[in-house]
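2 protein chains.
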Amino acid sequence: VYPINPKADLINNFKAYPSITACPEVPEIAIFVIPSKACVATAEECGKKGVRGIIIISAGFKESGESEGIERERAIIEIGKKYNMRILGPNVLGVMTPTFNCTFANQSPNKGSIAFLSQSGAMLTAILDWSFQNNIGFSNFISLGNKCDVHEVELIQEVCEDENTKVILLYLESVIDGQAFLDQIPEACRKKPIIILKSGTSQLGASAASSHTGALAGNDIAFDLAFAKTGVIRSKTMDELFSLARLFSNTNFANLKPKQQRKFVIVTNAGGPGIVATDAFENYGVNLCVPSEPLKKLLQEKLPAEASVKNPIDVIGDAPPKRYQDSMEICFQDEEVDGCLVLVTPQAQTKPIEVAQMCVEMQKRYPSKLIVSAFMGGDTMLEPAKILANGGISNYPFPEPAIQALRAVCDYANVRLSPAKKPACKDLCGFTAEKVQRVQQIFHEVRQDKRTVLLSYETSEIFSLINVEAPKTKLATSQMEASQLAEQIGFPVVMKIVSPQIMHKSDCGGVLIGIKNAEEAAQGFDTIMNNARTRGPAGALLKGVEIQQMVNFNAKKKNTEMIVGMNRDPNFGPMIMVGQGGIFANYIKDVSFELGLDYDEEIALKQLQKTKIYSILEGVRGQPKSDIKGLISILVKLSQLVVKFPEINELDLNPILVFTEEEGISAIDIKIVINDPNAKIGFRSSSL
Amino acid sequence: VYPINPKADLINNFKAYPSITACPEVPEIAIFVIPSKACVATAEECGKKGVRGIIIISAGFKESGESEGIERERAIIEIGKKYNMRILGPNVLGVMTPTFNCTFANQSPNKGSIAFLSQSGAMLTAILDWSFQNNIGFSNFISLGNKCDVHEVELIQEVCEDENTKVILLYLESVIDGQAFLDQIPEACRKKPIIILKSGTSQLGASAASSHTGALAGNDIAFDLAFAKTGVIRSKTMDELFSLARLFSNTNFANLKPKQQRKFVIVTNAGGPGIVATDAFENYGVNLCVPSEPLKKLLQEKLPAEASVKNPIDVIGDAPPKRYQDSMEICFQDEEVDGCLVLVTPQAQTKPIEVAQMCVEMQKRYPSKLIVSAFMGGDTMLEPAKILANGGISNYPFPEPAIQALRAVCDYANVRLSPAKKPACKDLCGFTAEKVQRVQQIFHEVRQDKRTVLLSYETSEIFSLINVEAPKTKLATSQMEASQLAEQIGFPVVMKIVSPQIMHKSDCGGVLIGIKNAEEAAQGFDTIMNNARTRGPAGALLKGVEIQQMVNFNAKKKNTEMIVGMNRDPNFGPMIMVGQGGIFANYIKDVSFELGLDYDEEIALKQLQKTKIYSILEGVRGQPKSDIKGLISILVKLSQLVVKFPEINELDLNPILVFTEEEGISAIDIKIVINDPNAKIGFRSSSL
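Protein chains in written order, with our numbering: chain A, 196 to 883; chain B, 196 to 883.
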């Protein structure tokens, strides 16, 4: 360590140097605890000297919200790039790793197996203080600060390789690089469990997007999807974050069993808490073991007659520690039983300290079984709690958080069992260079027209290029053209107003269906134009009336109106929506979302299964099955379309009519909105 | 106190008597701590002596599950009735009230203002132990035990009148008398807040009822409805129970403001926890105050430039206690601000002890403002936590539980503001003695026929008696009868199979619509009977085909398919369901529930508004408004019908077609199931 200070000769018995330049060797890392004004020049000096990394603890940068600070941070980033020098911060509390400790907190954290990365320094100081009281230790304790260069994804990858770390915790308010997150985190999650408390869910405000998809997606849904997709466990509260961390740091992930197959027993000395725990197992979807007859028999032999050998196993109020031990031992011999929740209430005979010691002993003897406990009480349970913490048993003050943590551990087992990366889905759109060029040409024409919303004949062409069934559509700008085009397409036809300002065409009488001949088409043209003029938004530009092939869906055996949509999340890119469609889609809200990157048939099916309408598509109450395969294929094609063309900002199909498997699907109303090239794009589309 | 023991002369320096009879005066209460076998004879002795109440701590009764114990409990109940002597227990831990202490726990609880009643004795011992550590005190601490005589409702009423009690907490596994609960608890809730942890939500298993309503209602929904109706706050976890109790016992309910108008500020010395708290306010639906410009200006004058004067008010990391105080003082001068969440993280300048003292001081000076806090940390925050607890400030380890408790307090304010009992809704059915007799006659005929399901012509008559619009219906048992009845009713008609075994008539081809003439009616009869024979359940009894007036709903301006239903909860009686109907009702699950007792138009509207379909009934996207008033009137009529006739076990209207306000409503398919008089009725219908 070389202290650098222009005024001092000796700092903490280390010889001090007046500047980095004067330092006798090139330091690996320079830590800045200097006024923010001096940081830029000092960073430059570090760069020249050949320092590989700097940690800027100093505040007074972007977080100040003032132009001076923002400029200062920009300058530092430039210097970092110039000298290929990495920067952590500015505005960090510090860093503590197993080999390195530099924080400005009063105390060093206890050694342990939790890596905690936090975007908020105050969160770190509070948690640090709290951890001493709660027997929690850390392997890494890192403040992320302004994340001007080094960000969460790199640090997660770093601590993931650290052998002292068993579980990675983060407090985040934002994600800097959504693409890197989606690319890198899945692999990290398969090595170590990652639990994130993401705040700021209420800060973003309602999305300003005009699409159905935008209106139906919550502020924060993309984070939920990204966490689920990568395998991150999302914690909803600060309490839950550490409640989960406790169990994860004590869990042996060598023996993995999928969640569906894991079964637990409850051993309790009191009925009431046993019932509370049973409720919680059901609420959190964690399986309780139904004891087999032989298992019950073995328990009956050891336990008194009044005990219950169902699950919960009630060893009753006068249970000595031996009775707990017998029950657990018998259960752990059973392959069906994967773990045990031990509930202890203060009772004269129970001796919680001995029960705690026994639990620690049992966990050592049965490392593949997961023991968690809730020793309920106050002072009586302090000593048992310490024994359990030191012995690697996760203990909770009440049953519910124990079971909540069990759920997360079971969910995480499923993450470990699933591959980090699947082979990319094959190109269902059949994109040739020609097709791509043609789509780009259409977008070019739209922009030349100073529009962002595509007209139906444009969307119709794009959909035919990617082989998605949609009715033939042409644009008529006069009565006569309307009759002629209608005859070309073939009767019956549907007629719709074409106007960039009219979102919901039927609301203003802008749609006519079942037009049967040329005369009706001509009349229809006038009716629609008049309706749009009188009932549409004032000053709307009316480009004409679309003439569209009419799908005679009354002749179909089954017809379900669905909605399919896409909008772009600024962090994680395209989001695909599917659900119950029709004009009431926004009210019924039976839709589900998924990220559009690395989207495939399997993901699409799971997404669809999250909607209530899915069971109706499957065919219930004697109805035939709908063309679910076709719908899934369309979902995948659309995801590929919007990934290929980042210009597409929004996409809405509502309704898209799903018929039976023989009869297929028809997208009746398609809306594509491309970005304004002059506007900023949130998501880095170039890397897609 | 007179100890009674056949063998001892002196117990704890009190002179002991060999029997109750030998006792020199009549004791007010006798407490049994004797073998269960001796209890019956001793109770008899007490009764003879004239004792008014007994508390049976002894176990070995119904809870044992053995016939001997069950019989013993029955005998005790009989003795109680005979001598008009009240019994608490058996199987209780004991009772502690401000004037009376008799428990077999090691320690007496601290004095405080929480009354805790628990059905589980072990829960009491655990909570007692825990309460010492958490600075929690109790006014009453009562074990309910087997509730063979005295039950929760009576005890709630009792502690409600106790002036030492500010808040009433219960742990319950069941409610003995649902009727008494619904009758008495609303008034009690207006005096003292009642918070209940009701467990056993997963124990009941799926309802065996065959109706839509039964299938769609969860196991535990009646408890949710009963708690909401009476004003009870339901806690989901043990932790939450005490988290809420803490704030309730510190809240001054003299100044009540409805939840919607209450606004809070957050004062914090750290950004991260401030964001976490903001999220929680939004998630829990508690209002944050948006500071007015004058308020912001006042704050700016007192706070440093880097502080944020928006809400959260960030007094930043170097905040001394004075800065917290200034912010709170300024905010509390503002009428808009009803309370403050104080967030403190360990920071060098902050001095949490002084901030805690300041909070206590401020609460005294501003009794109408509610202060809650989260002093986050460990050992640093122990002393502040004690100061806060003693000073009547509710402090939490993290922000989220503080805001969860705030929500409950705000919700409870709304309970206090609403009347306990509304005047009964007027009889919309116009029940005359004649009408009642006629309905009873129909039920009599159904029973004579050994049926429980009413046929359509029977439901049709009942609905016309209570003035609910339903199509005219007659039963045809032959081709010829079908033609004749169809002509009487007038074409077009609908034809439906009549069979007690066929629930979903259209699934087996048992429904034909749009029958236009006598010939079609004759043919239809054969078709339906054949379909039912070949595609219906084997061996189904086919009584014939109903001929029903066909509502030409294609001619209506608007037509929404709804479902209305009723089933009976064993605890709380009739439950009304309303929501989106049609053959997919069970899959879409857009329904809401309400208890049928004291049901009126206002309740019906609120219930309807909980469904998504409500906004569509109201008229969106240019559609006309549906006959919501008519639907509400039907809901009220049906509630009155099922309350009047407890024989009605289930009732389903699916679909009930709701048209525009001019066009009204039509109940297309009605199912009424009456009870089997030989089967047990769970709910005490006699008192309805």
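Honestly, the hints are just simulated from the structure, not real lab data. Watch out, some of these pointers could steer you wrong.
Label-pair ranges, simulated between beta-carbon atoms [what the hints assert, rightly or not]:
{"no.": "1", "chain 1": "B", "residue 1": "I708", "chain 2": "A", "residue 2": "I708", "range": "50 to 60 Å"}
{"no.": "2", "chain 1": "B", "residue 1": "N609", "chain 2": "A", "residue 2": "R728", "range": "47 to 57 Å"}
{"no.": "3", "chain 1": "B", "residue 1": "L577", "chain 2": "A", "residue 2": "R560", "range": "42 to 52 Å"}
{"no.": "4", "chain 1": "A", "residue 1": "E549", "chain 2": "B", "residue 2": "C297", "range": "54 to 64 Å"}
{"no.": "5", "chain 1": "A", "residue 1": "L800", "chain 2": "B", "residue 2": "L577", "range": "50 to 60 Å"}
{"no.": "6", "chain 1": "A", "residue 1": "E549", "chain 2": "B", "residue 2": "N296", "range": "25 to 35 Å"}
{"no.": "7", "chain 1": "A", "residue 1": "L800", "chain 2": "B", "residue 2": "I708", "range": "30 to 40 Å"}
{"no.": "8", "chain 1": "A", "residue 1": "Q456", "chain 2": "B", "residue 2": "R247", "range": "26 to 36 Å"}
{"no.": "9", "chain 1": "B", "residue 1": "L577", "chain 2": "A", "residue 2": "E549", "range": "23 to 33 Å"}
{"no.": "10", "chain 1": "A", "residue 1": "D419", "chain 2": "B", "residue 2": "N609", "range": "45 to 55 Å"}
Ideal placement from N, C-alpha and C gives every residue a C-beta, glycine not left out.
Determine which of the earlier numbered hints do not hold for this structure and return their numbers in increasing order. 1, 3, 4, 8, 10
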